[in-house]
Amino acid sequence: MKILIADDEPLARERLYHILKEIDDDYQLVEASNGLEAIEQVNQEEPEIVLMDIRMPGMSGLEATQHLIGSDNPPAIIFTTAYDEYALQAFESQAVDYLLKPIRKERLEKALNNCRKLNKLQLEQLGQQNQEITYRTHISAQIRGTILLIPVKDICCFMADHKYITIKHNKDGELVETIIEETLKSLEEEFSNQFLRIHRNALVRKDKIEALEKQDDGRVLLKLKGLSNGFEVSRRHLSSVRKLMKS
Amino acid sequence: MKNDQILNTVKQINRDRVESSLFLPDFCSIKMVFSVVIIGVLLALILTLVPLRMDQQLWSDFALISLFIQWNGLMCSSVLCVLRPFFKKYSNQFVAVSSYLVLLIMITFLSEVTFYIIEAYYLTNIISSASHWEFLIHNLLIGGIISALALHYFYIQHQWRMKVQAESYTKLQLLQARIRPHFLFNSMNTIASLTRSKPEMAERITEDLAELFRMLFREDHEMISWSRELTLSEHYIDIEKQRLDERLSIRWDVSQIPADAMVPALILQPLLENAIFHGIEPEIKGGSIVVMGDFDKKQIRITIQNSNSKNLVHRQGNKIALANIEERLKVHFQGKASIACEDKNDEYFAIVTMPYQTKNDT
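Protein chains in written order, with this note's numbering: chain A, 1 to 247; chain B, 248 to 609.
Note that these hints are calculated values from the structure, not bench results.
Note that the structure is a prediction, hence the values are computed from the model and not measured.
Careful, some of the hints might be misleading.
Said to hold, decoys possible - Listed next, the in silico DMTMM-like pairs over lysine to aspartate or glutamate satisfying Cα-Cα at most 20 Å (straight line):
| # | chain 1 | residue 1 | chain 2 | residue 2 |
| --- | --- | --- | --- | --- |
| 1 | B | Lys532 | A | Glu40 |
| 2 | B | Lys532 | A | Glu31 |
| 3 | A | Lys153 | A | Glu37 |
| 4 | B | Lys488 | A | Glu14 |
| 5 | A | Lys223 | A | Glu177 |
| 6 | B | Lys445 | A | Glu14 |
| 7 | B | Lys445 | A | Glu22 |
| 8 | A | Lys153 | B | Glu530 |
| 9 | B | Lys532 | A | Glu37 |
| 10 | A | Lys153 | B | Asp593 |
Okay, chain B solo, but in the shape it has when bound:
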């Protein structure tokens, strides 16, 4: 019940953010210019083929129609490109209507210029049968329909893209919120106990906890440097160490990983939490965790190894954390990072591989 409420709130916030972004793509980008040219050629081909004829004039007609359409298309694109910063301030409805009007005005203007050139240079044989008005109205009709279709297409595509983005944001936020509630309450209990016996330690644990949760509540899920991630992970272990005492032993062997490598914030913590939950807590004597780091100039690899509990009671929840990390790696590295797990009787391994990126790369 409560989870559903959180889910809905998060979804609403993301939806609001989505609504406020501009649906028109950047027409100055090379990708857009290329698409405009291709669509122009295809449109010209359709217009040439529609009269259902096959003569020698066909390809020269195609060339002329194509020239006219390309001219229109590229001019319209550049105007929309110039107007884009201005459009950003307005709602998408206003942008849709005004960009449509701008396109119609552009088509009118370009048609007039074309007609003037044709007349001035006595090229009337090209459009011999059409009068000035017929030429203009035909162009406006064709241009109007194509523009409307294009704008509609951009709008739909934008909506779809935003939906996907909002969904992955929602997932990201929810999944990050999955730090086990157990951990928070256990830590509170630890602090309550330490306040009496070791006030300085209670103070330090409170600071550690605050830092962890500050990172967890950060709205933008940006990348942080490895050195920062390591500090946060150590804070986490410090807190758990208070609680589990000598039952938890950990060895960090990560000096190979460059401190400036960028990693998704708190990518390690859920894995450490899993290691404690499955490997240390169920055992009376506890166990040990080893964190190893490898670096080969292109990739960093972090391996978390923990002793496998022999106790029959296997607790659930492991898969959620792993799915969470997989999802976050996908969002941050688009398939260039991975997580793998190996269960070797006595030992359990979780291996995260990520491309080496510094702050300048991201």
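Here chain A stands alone, though its shape is the one from the complex:
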């Protein structure tokens, strides 16, 4: 069995490594020191179980888990934490398995034996109960079985198109498009501090807004920095766009 240990503290990883080897010397162990690395390792190594620390720099364990369980064959996840009042309450209410550090060998053994896979609903509710993951730092997309992460700060806009959403984002200096399966409404709620709704089908990055242009046919187009073609602003959202541009 392959197990991923995700923890930012080298000593914490070292301890888990030793205990896991004591439980079963045949375990294949891989390590990650933050949420991003954890996802990379899951993509590459495809472990069956992830021991996920909640507080990690860059991307927290909770957010990494959110991205992971969206994948086709997600690993089972056991959270580990030293002390996390809010998170623990959330875990208990959702019957999600977690281990408290310093982790006991017997307890870890038990958790490995009956670990289950988290489902999306559980995790969504976890997110609502936990104050710290109100918004993600990355958006994840499934591409041929692996998880692709798009940093939210690189995203210019979200465009809704039937069931899917197209993300226009910068990647290595180029503008690329990626398709995800989420709703514009939930994205708008989550990222309301960074993105603004300008049309029934579009959310744009606030700090990319450059100018409003009135067309001959009466439509109003919004120009974004670094993008040649404009985005149509609906009449309903025009006032909020103007308000933002004034401030």
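We have chain A already, so just place chain B on it with the hints.
Here is chain B on its own, set in the frame of chain A:
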């Protein structure tokens, strides 16, 4: 729930401590003697003005009444002052009753002496209309009422003062208990890991942790010397350094601060904890903390500077630690110390300014 239980226990302990202290103020202190004299003058003025008359005798009457009252007041004060060490051994109820009796006896005795002097020196025209008994009973009534009011006032004032004190003690204890539980459990985990790989280091970290918590659990929140505070802060950083490894780098630039300066125990630790929590932990690469010390013969100033995390997830809890330190500075230095914070994009500064006091000053 648990916090409430702790709160109640702490409150109870403080209440017990309060009940056991004496409500009578120290009548030997200059402040008390002065108040007794002032109250005496005011009482004499009231007694002179009450008959509603205006003649030439008025001010000489006032002088005599004032003399008599001052004599009474100061004699009573000195007796209470002498009896104070004795009163300290008894409950406040007993002290209230017995001090009241002592005051009445004193007034009787002084009235008798006064009456004797008046008769002996043929000064009867002053109290011409009053007989011996009338004189005594009037004095006892006035004195009895004033004494009862005064004792009641002292009792109320004492209760109020003790309540304030108990509240600030409670706050102090609770706030000091706010070292993040995270820190304790993370340290335990570090020790558990080190026990296997580096037993000597595990031993040292355990010792450091013990020293920190010993200081935290000290009941009296006294001041400690800067050199001791610095050692404790270094212990704290040593523990965190084990956990965060090279992600945490710190520079101490505090040689200017005199080693004998007295500071509230563990005033620095919460600020360092904040710096780690907000500046180091959220960053994959970590960050650095700089502790700077300035000294200008009157004040010491400690600045803690840390890199500001650019990560969006801003954790809460910062304000609690700052409010805690502000409260403790208030209790220890009565407004002569301060804490200020500055958020300058990439850097965060916490600046503590305290008056320079040595052990002899406190």
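Structure-based check of all given hints:
1. Under the criterion of a C-alpha separation no larger than 20 Å, the hint pairing lysine 532 (chain B) with glutamate 40 (chain A) is consistent with the structure, at around 18 Å.
2. Taken as a hint, the lysine 532 (chain B) and glutamate 31 (chain A) pair is honoured in the structure, with Cα atoms around 17 Å apart against an allowance of 20 Å.
3. At most 20 Å may separate the alpha-carbon atoms for a hinted pair to count; lysine 153 (chain A) and glutamate 37 (chain A) meet this at roughly 18 Å.
4. Simply put, lysine 488 (chain B) and glutamate 14 (chain A) have alpha-carbon atoms about 16 Å apart, close enough for the 20 Å limit, and the pair holds.
5. About 18 Å separates the Cα atoms of lysine 223 (chain A) and glutamate 177 (chain A), which keeps this hinted pair within 20 Å; it holds.
6. With a C-alpha separation of about 12 Å, the suggested pair lysine 445 (chain B) and glutamate 14 (chain A) falls inside the 20 Å cut-off, and the hint holds.
7. Only pairs whose Cα atoms come within 20 Å are accepted, and lysine 445 (chain B) paired with glutamate 22 (chain A) is accepted, the gap being roughly 18 Å.
8. For the hint pairing lysine 153 (chain A) with glutamate 530 (chain B), the CA-to-CA distance comes to about 16 Å; that is within 20 Å, so the pair holds.
9. Proposed proximity of lysine 532 (chain B) and glutamate 37 (chain A) is supported: the alpha carbons are some 13 Å apart, at most 20 Å.
10. With a CA separation close to 18 Å, the supplied pair lysine 153 (chain A) and aspartate 593 (chain B) stays within the 20 Å bound.
Hint violations for this structure: none, all hints satisfied.
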